[in-house]
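What follows is each chain in one-letter form.
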Amino acid sequence: MTAPLGAFALSVLVPALGLFLILHQAATWASRRPANVPAGILLLVCLILMSVPFDGLPVARRLAGFAPGFSLPFTALLLHATLRRLGGPDVFRPAELAVTWRFGALAGLVLYPAALGLGRWDPYTSGWQFSALFVAVGLVAAFLLGRGHRLGWVVLTAIAAWHLRLLESTNYWDYLVDPVYFLISLPMALLGLWIRRVRAPG
Amino acid sequence: MNWRGGVTGLGVAAVLILHALPWERSRRARPSPRFAVPPAPVLAVAHSPPVHREEELGSGVASVHVASLCEPAPGILAAAWYGGSREGARDVAVFFATRNARGWTEPVPLVTAASARRELGHFVRKVGNAVVFADALGRISLLYVAIAVGGWSGSSLCLKESSDLGQTWTPSRRLVLSPFFNISDLVKNGPTPLVGGGWAVPIYQELFGKFPELLWLAAPGMAAPAVRTRAFGGRTAFQPALVALDSQRALLLCRTACAQRDLFISRTEDAGVSWSVPQSSGLPNSDSGIDAVRLQDGRLLLAFNDSPSGRANLRLAVSPDYGLSWQRGPYLIQEADSEFSYPFLLQGRDGLIHLAYTWKREAIRVVSFNAAWLDSTLARDPR
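Chains as they are written, first to last, in the working numbering: chain A, 94 to 295; chain B, -15 to 367.
The reader is advised that the hints may include incorrect statements.
Stated by the list, open to error - Here's a subset of chain A near chain B, in silico, CB distances under 10 Å, partners left out:
hint	residue
1	Ala102
2	Gln118
3	Thr121
4	Trp122
5	Leu150
6	Gly212
7	Gly231
8	Asp271
9	Val273
Hints were generated in silico from the structure; no laboratory data involved. Every residue gets a Cβ at the ideal spot worked out from N, C-alpha and C, and that includes glycine.
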């Protein structure tokens, strides 16, 4: 097993949180009211399910075959949603949630089309060593922190994790955004912008 | 200032410092990578009689493909290829064999999907293309493709190393080279060594685009042990062979990925930082693998299928002017409706040139010849 401990832990935690949220939401929809399943027990079951070896590998590590890591902002969003269902404190305030979705959408739009071969420029290369990416993200994170925005703390965690090589990747981009986060962020960000436009005084 | 303000100030300072630290590290970094060119001509070889021999490597499986060679010690060759019931099957294994004065050893399955799963600690559905290369100390590296989902476009690259001529190997290590589920990085041809250690490995993507890239492994001046850079994007050409001309200049010779059935060439003059727009070499390519090396006498040697539409022959071509013009050389093999493909070229320290290729998907063949044999065939058929 070659994944660093942090990557291994996240590869179990993130799918477990994702499964928990799907099952909890499904139970809520099925009963047409907030699920009366004890959320803590459901979460524990999801964690165990993801950790149980199946044919020699934990289920979560099977997923890790095609998703080598999850970004820190996405992990924070899942933690936020999970804590809400457990009755715990919010990780993000409502306005911060919208910004975190927009962050994922914007980062993904900058990264993925070009990184997958659209043109000669590959932004992913800028994540291995000091580059404009570090300047831009550092300044944005400092601005957010100065405004008391919790996404700033998440980005601080991400850069600290990158220095500590907590994920399997050594590229800073992978600590900021991942494809699952982007694919959820894009519609969420667009939805948020549409709602804001509809609600804006005419 | 209240405690909340103090914490915020600390956070701002920390985030700025942590984002600036890589700048400090890059200031102290060693110079950018430079290609290490092959050693000076071996004069003794130039006057030796023509040598040409062919050997076959069987794996006891129905289908084999994508062979590679390296020379971990003088006179010793190592080879890797994949084989199984068919290309892309789940029973495919990466085979490994070595050759000494007594001949080739019995090939052994070195990596299977099950062994890769065990070593990597995550799901691997099948394995594929593998390339072996050896450093000056005789350490052998094996770079191979592992696929968790889908076909070749779902692949990622993994690395194993051996310090005892392939007797024992380190566990596999996955290289994270792509932000999109880390898929679609493949390897076919051998790397170029770098001055001061490390490698520039020609790799490629074939998911949405099909294009060549360089994988910088343990490269001086790079911030991470494995860094990927792009030569060019789009869908013009891929599956590159990297040929260094000197420390700064190199060629990428690429398989076509577009309607124009030509072998494409791109050039760098800054050790791989930037690459020219790919141009046709004037030679055909049937959407099939090629390889090229810079010989010790400075000429470039290319192995390719000389056809825009098939893999029924395998031929050599020589360029005396760094790929500006090519002289077609001998056919190594040709037979209608057959497949002879995916050549891999290596020139040994003794000057002997080794070419491994897929023979009808049934066997890996290794042709070994010297410059005298090559020159004699060029003189006989000066096209």
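Which hint numbers does the structure go against, in order from smallest to largest? 1, 2, 3, 4
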